[in-house]
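**Q** Just need the whole structure built from these sequences, with the hints factored in.
As given, the protein sequences belong to chains A and B, one line each in that order. Residues 1 to 333 (the working numbering) make up the first sequence, in order. Residues 1001 to 1333 (the working numbering) make up the second sequence, in order.
No lab work stands behind these hints, which were simulated from the structure alone. A virtual CB, placed ideally from N, CA and C, is assigned to each residue, including glycine. Just to be clear, a hint being listed does not mean it is correct.
Said to hold, decoys possible - Here are the computed distance ranges between Cβ atoms for each label pair:
no.	chain 1	residue 1	chain 2	residue 2	range
1	B	C1045	A	G30	44 to 54 angstroms
2	B	S1195	A	K233	52 to 62 angstroms
3	A	K233	B	Q1086	56 to 66 angstroms
4	B	M1252	A	A101	21 to 31 angstroms
5	B	D1172	A	G19	49 to 59 angstroms
6	B	D1172	A	A44	47 to 57 angstroms
7	B	K1085	A	Q29	30 to 40 angstroms
8	A	K82	B	D1280	18 to 28 angstroms
9	A	G19	B	K1233	24 to 34 angstroms
Number of protein chains: 2
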Amino acid sequence: MLSFDFEEDRIRQEIMRLGAKRVLLQMPQGLKSHAIKIAKKVEACGAIAIISVAPCYGACDIALSESQELDADLIVHFGHAKMVKQRKIPALYIEAKTSVAVDVATLKALPLLANYKRIGLATSVQHLETLNQATQSLSDAGKDVIIGDAGQLEYAGQVIGCNYSNVKTIADRVDAYLFIGGGIFHALGIVLATSKPTIIADPYDNRAFTITNEAQQLLKQRFASIRDAKKAKTFGVLVGLKPGQNHFDSAMKVKTIAEEHGLSAFLLAGKELIPENLLDFPAFEAYVNTACPRISLDSPGKFQKPILTVNEFMVVCGEVSWQQMLKKGLFEK
Amino acid sequence: MLSFDFEEDRIRQEIMRLGAKRVLLQMPQGLKSHAIKIAKKVEACGAIAIISVAPCYGACDIALSESQELDADLIVHFGHAKMVKQRKIPALYIEAKTSVAVDVATLKALPLLANYKRIGLATSVQHLETLNQATQSLSDAGKDVIIGDAGQLEYAGQVIGCNYSNVKTIADRVDAYLFIGGGIFHALGIVLATSKPTIIADPYDNRAFTITNEAQQLLKQRFASIRDAKKAKTFGVLVGLKPGQNHFDSAMKVKTIAEEHGLSAFLLAGKELIPENLLDFPAFEAYVNTACPRISLDSPGKFQKPILTVNEFMVVCGEVSWQQMLKKGLFEK
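**A** Here it is as structure tokens:
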């Protein structure tokens, strides 16, 4: 089993400092199996621990309304760095860093990076501390390593599901990217934001691979969704109700543009914008999603109708071309 | 298609009276296909309509936090009578009454009621106006009809998923119940609350039937869940976060009783207490559910672990016997 740093001392100190009596523990799926262990530590401090069972995919999803309904005096949010600024309830972010070594995976990435000299390095919050190690391995192999910092996220080199500003800001100065971490989710985001070759060094499986095929497949699917949505007359415009996903003004803008183009558009709001929750609205022929853009991009096949990002909807309306949209990014503002 | 009374005039008047600019429309699954039609009426009044996509099973689930996050100035809640008292956001309840005739179904119920003289009549909010018609049909057949009113719900004779006080209050004075409405959900609740013979007169399919077998099957399943939970050492105590389902004090009481019996118990909170959201906590061997009791009773097979009502948990702890619990009801306070 992987070991994560849950910073239990910091949690205890924050409970003591605030005199917290009810502490809401919120964690993404992969960390929930550790919840009881952490709850015991919280209760050893004299507070009641309440474990959130809701799905949690990012720091955008900080459990503010849940905490208010529970009269919690502290949220401990695991697995993500701070994103939403709020003063309603004290929130402690435990990034759950892992100490897994990245040198083997990085060395395995070198053959895939053979044609590229200038490498942009990026990772998710869990592996930030390994960027030095990876930089060293790449430099030893004669590469120029660049780590971007656009100032929007907590850390240089960090990417999150919906924000690739740190890699975009160095796009003109690199030939390819190396992403350190598990899964293809973040690396796919890098390709969609930059259209550059991107290699994954996976320290869990100690392997390296490219995701060019997956990215091309996804772009084909997006092209088809836009083509299908061009036939639609009635659009549902999705408003996300997670604290960092509520872009009501953007939804109103989409509604207005749709109506200017002679289309019908109505706002639909929800916390969990999952396919099941859209099944009961047969009259909508397509959706425009203003919440987390990854809802549109990562499992479009699960939705029965096209579910477009705002940028993609602009292609449907003819406001921009497919090529212009790709240049901007599928979901960049 | 069934026709419902959406009281569009009353909606328009309330929007005008409040000068509402953002109106959240919330409806159960069966009414969502009417959402666009209602949204158009709202927008004709100069307000923006926002349709909630979240599942909604009762007036306990009134969308308060969602409305606050959307700065809505009016909630229009369809399909249920008022239940939660709150002053945060104006809420209009549209019960969506149907005008379907119940005389044929009531006549078909008569053979099934042959052995019973005194009949307790009950229905869901949609069919309240048909109680007179059903009373007439039963009286014509020589029955004594009683409609209960315990004062807890909006209307005499009304039952909702978690409250059968109107039928319990007349249990000593009736031989059997006749429930007017579709599906077995409410009638099953009547049996679980009263242990009396209960017949359904379904005006949609114009048929009548008993649900004794379904009730016996469910009680067997509950008995087995309690037996399994007696082996558990670590319990998850579920706290519901829908406004009318948050029984934090009850959850704390369960935790305390569990610990007094040498068991581990931790609080788990969520808005949607669905099986998928409990899969990530393998260490819990059983759950005690303090939210909507029907979560425990209506699809236990979907949960991988026993999911008990609070009353059932008292049987697990040996505080009351199975027979005593049945007499009180599986979920009555």
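**Q** So, against the hints stated earlier in the document, which numbers end up violated here?
**A** Checked against the structure, the hints that fail are numbers 3, 4, while the rest are satisfied.
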